[in-house]
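Residue-level listing of the chains:
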Amino acid sequence: MLKNYFKIAIAVLRRRKFFTFISLFGISFTLTILLVLTAFIDKVVGDNYPDKKRDRSLYVSRLSQEGKNTMSSGPLSFYFLSHYAGSLKTPVKIAISSGFNGTNTYVNNKKIAVNYKYTNAEYWDILEYDFLEGKAFSKQQVDNGDKVAVISEDMKKEYFGDIPSATGQYIEADNVKYRVIGVVKNVPITSYMLYSDIYLPYTVAKDGGYKTNKGYQGNYFGILLANSANDLDKMHNEYEQMVQRLPPEQKQFTKVNSHAETYIKSYVDTGNERQSGTLIVITAISIFAFILMILPTLNLVNINITRIMERSSEIGVRKAFGASSRTLVYQFIVENIILTLLGGLIGIILSIIVLKVINSANLIANLELSINFTVLFIGLLVCLVFGLLSGVYPAWRMSKLNVVTALKAQ
Amino acid sequence: MIRLQNIEKVYRTDTVETLALNKVSLEIAKGEFLSVMGPSGCGKSTLLNIIGLLDEPSKGEIRIDDQKTANLSDKQLAQFRNKKLGFIFQSYHLINDLQVLDNVELPLLYRATTARERKQLATEALAKVGLSNRVKHFPSQLSGGQKQRVAIARAIVGRPEIILADEPTGNLDSAMGNEIMDILIQLNRDEGTTIIMVTHDENMAHKTHRLVRLFDGSQVQ
Numbered sequence: 000m001l002k003n004y005f006k007i008a009i010a011v012l013r014r015r016k017f018f019t020f021i022s023l024f025g026i027s028f029t030l031t032i033l034l035v036l037t038a039f040i041d042k043v044v045g046d047n048y049p050d051k052k053r054d055r056s057l058y059v060s061r062l063s064q065e066g067k068n069t070m071s072s073g074p075l076s077f078y079f080l081s082h083y084a085g086s087l088k089t090p091v092k093i094a095i096s097s098g099f100n101g102t103n104t105y106v107n108n109k110k111i112a113v114n115y116k117y118t119n120a121e122y123w124d125i126l127e128y129d130f131l132e133g134k135a136f137s138k139q140q141v142d143n144g145d146k147v148a149v150i151s152e153d154m155k156k157e158y159f160g161d162i163p164s165a166t167g168q169y170i171e172a173d174n175v176k177y178r179v180i181g182v183v184k185n186v187p188i189t190s191y192m193l194y195s196d197i198y199l200p201y202t203v204a205k206d207g208g209y210k211t212n213k214g215y216q217g218n219y220f221g222i223l224l225a226n227s228a229n230d231l232d233k234m235h236n237e238y239e240q241m242v243q244r245l246p247p248e249q250k251q252f253t254k255v256n257s258h259a260e261t262y263i264k265s266y267v268d269t270g271n272e273r274q275s276g277t278l279i280v281i282t283a284i285s286i287f288a289f290i291l292m293i294l295p296t297l298n299l300v301n302i303n304i305t306r307i308m309e310r311s312s313e314i315g316v317r318k319a320f321g322a323s324s325r326t327l328v329y330q331f332i333v334e335n336i337i338l339t340l341l342g343g344l345i346g347i348i349l350s351i352i353v354l355k356v357i358n359s360a361n362l363i364a365n366l367e368l369s370i371n372f373t374v375l376f377i378g379l380l381v382c383l384v385f386g387l388l389s390g391v392y393p394a395w396r397m398s399k400l401n402v403v404t405a406l407k408a409q
Numbered sequence: 000m001i002r003l004q005n006i007e008k009v010y011r012t013d014t015v016e017t018l019a020l021n022k023v024s025l026e027i028a029k030g031e032f033l034s035v036m037g038p039s040g041c042g043k044s045t046l047l048n049i050i051g052l053l054d055e056p057s058k059g060e061i062r063i064d065d066q067k068t069a070n071l072s073d074k075q076l077a078q079f080r081n082k083k084l085g086f087i088f089q090s091y092h093l094i095n096d097l098q099v100l101d102n103v104e105l106p107l108l109y110r111a112t113t114a115r116e117r118k119q120l121a122t123e124a125l126a127k128v129g130l131s132n133r134v135k136h137f138p139s140q141l142s143g144g145q146k147q148r149v150a151i152a153r154a155i156v157g158r159p160e161i162i163l164a165d166e167p168t169g170n171l172d173s174a175m176g177n178e179i180m181d182i183l184i185q186l187n188r189d190e191g192t193t194i195i196m197v198t199h200d201e202n203m204a205h206k207t208h209r210l211v212r213l214f215d216g217s218q219v220q
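Order-wise, the sequence lines are chains A and B.
Just so you know, numbering that gives the first Met the number 0 puts 30 at position 31 of the first sequence, and the rest follows in order with no gaps.
Just so you know, numbering that gives the first Met the number 0 puts 101 at position 102 of the second sequence, and the rest follows in order with no gaps.
Don't take every hint at face value.
[To be verified] Straight-line alpha carbon distances no greater than 30 Å define the calculated DSSO-like cross-link-like pairs of lysine-lysine that follow:
hint, chain 1, residue 1, chain 2, residue 2
1, B, Lys82, A, Lys399
2, A, Lys407, B, Lys127
3, B, Lys58, B, Lys29
4, A, Lys110, A, Lys146
5, B, Lys83, A, Lys2
6, A, Lys138, A, Lys184
7, B, Lys82, A, Lys2
Note that these hints are calculated values from the structure, not bench results.
Same shape as in the complex, but just chain A:
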């Protein structure tokens, strides 16, 4: 039976090549966009390098102070994270790091764009960077204000060329020379709290802000590590309570807001206290995916209905010779799923090509997108949903055709 359906499905596809092209184009193009988007989201959300303790970490990336007509929002100060967050009981460690800063440096008269960030020593305990050589700076080195640096593998290659080891060499950033003590595997820029080319102890920061800035806001993020995943709620609540007790820094402000959130929540945080960033992002992605899928689905429904009219004689014959309405619905849906799976296959091949192009063009620093099993599974699921959605209504219309009327049509 299935073989017969397959034969007829292929024959129908070959009969109207233009319709087939439109259908396949619609499906494969949509799927390509969805797959690339999924690969991107999967990479950003799912890839946990070097953030492997995500299940027991909370992220603090923003603090806002609001008044009646004014608001101030942004990353936090080192003082806030070390002093206030540092006073909490539940976190066993706190990773503190600045946002990355850009500067230019010169090697053999060649300009190199460099991003550097400052971190504390616990940063290296919480985050499990893969060290290709050397090691991270210790608390001692941080306290001493040693001019040492951990660099990324790309930075090593760009700055030092193909040398076996960069450890012990000096790298210059912002007119200061730092001794390289470790080289780590690259982190994509989408992990904006963790990405950098050069990592430096916060005590070497030129502006000395970590010492002088006793305000709440600054240029730092924090990752609070709990003993276990079970302590996350407790840690979250403790942080909330601590923030609620804080007085606003200036008179025009009436309230201080800051949250220690899970990775996803902190990633999509909009800074708007009244609307959840997660909700906005999920809604936006869902609407986007829905619109993206509904257009080719409607197109397929339309094409399918036209095709049914062309095939009414066949429907009449099948009914006359014993096909029930249900069997015909089944046949048509199977045919449609064959079409969508074919489109899906083309979509997957196109996605692989598109991802290769994105990766090779290095549009987003260090972001290596790939289609993994999750993405493939989602792709397959999308195809099946396509097949069902666009096949059910036309199939139902087809099955309801009166045999005599169907047979009269040629």
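Chain A is already provided as a structure; the job is to place chain B on it using the hints.
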């Protein structure tokens, strides 16, 4: 075997009501070869469609093998047609996208058969109509007579007790028409298949056991 009692068929539109069949009562015995004649629009095909359970009468009762057909569900009707009835149409109604063998196998798809059985039965049916050498052809590669023979093979492949033929020779020249008629006669004679044939051709009609004439929806002979 087939019993029609006071069959009426009315086609209604918003403004017009057309009586296609008017109190037609008919009994057709097992193994009979019956032809139905009459001018165009007299209700011949409507009658055939109603006997073939492709259409419902507006009034009256139809029994096949003593079984009332009025209250059968869509699924039961489909099974009934599949097992008991075979159809031959004037314009063949072959599926152009399928090869001859696949076309002939079609009725067997809707009953429990294996692919091997289907192939065997379809090959035998094609042999009966003399088309063993055309199994891999597509309908577009066949002549009108050959297409009708494929349609006959399809009608007989499931070994139905009744074959309903709607002007099976209508699109063929007389030589081809005679060939087709010979096949039907042979089928009726050798296999005992009941055949009801609508035709415009007096010569063909006279080759059958009995002739029923319709005029304006009523039975006149």
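Okay, the hints, checked on the actual structure:
{"no.": "1", "hint": "B/Lys82 / A/Lys399", "in the structure": "22 Å, holds"}
{"no.": "2", "hint": "A/Lys407 / B/Lys127", "in the structure": "28 Å, holds"}
{"no.": "3", "hint": "B/Lys58 / B/Lys29", "in the structure": "24 Å, holds"}
{"no.": "4", "hint": "A/Lys110 / A/Lys146", "in the structure": "22 Å, holds"}
{"no.": "5", "hint": "B/Lys83 / A/Lys2", "in the structure": "26 Å, holds"}
{"no.": "6", "hint": "A/Lys138 / A/Lys184", "in the structure": "22 Å, holds"}
{"no.": "7", "hint": "B/Lys82 / A/Lys2", "in the structure": "22 Å, holds"}
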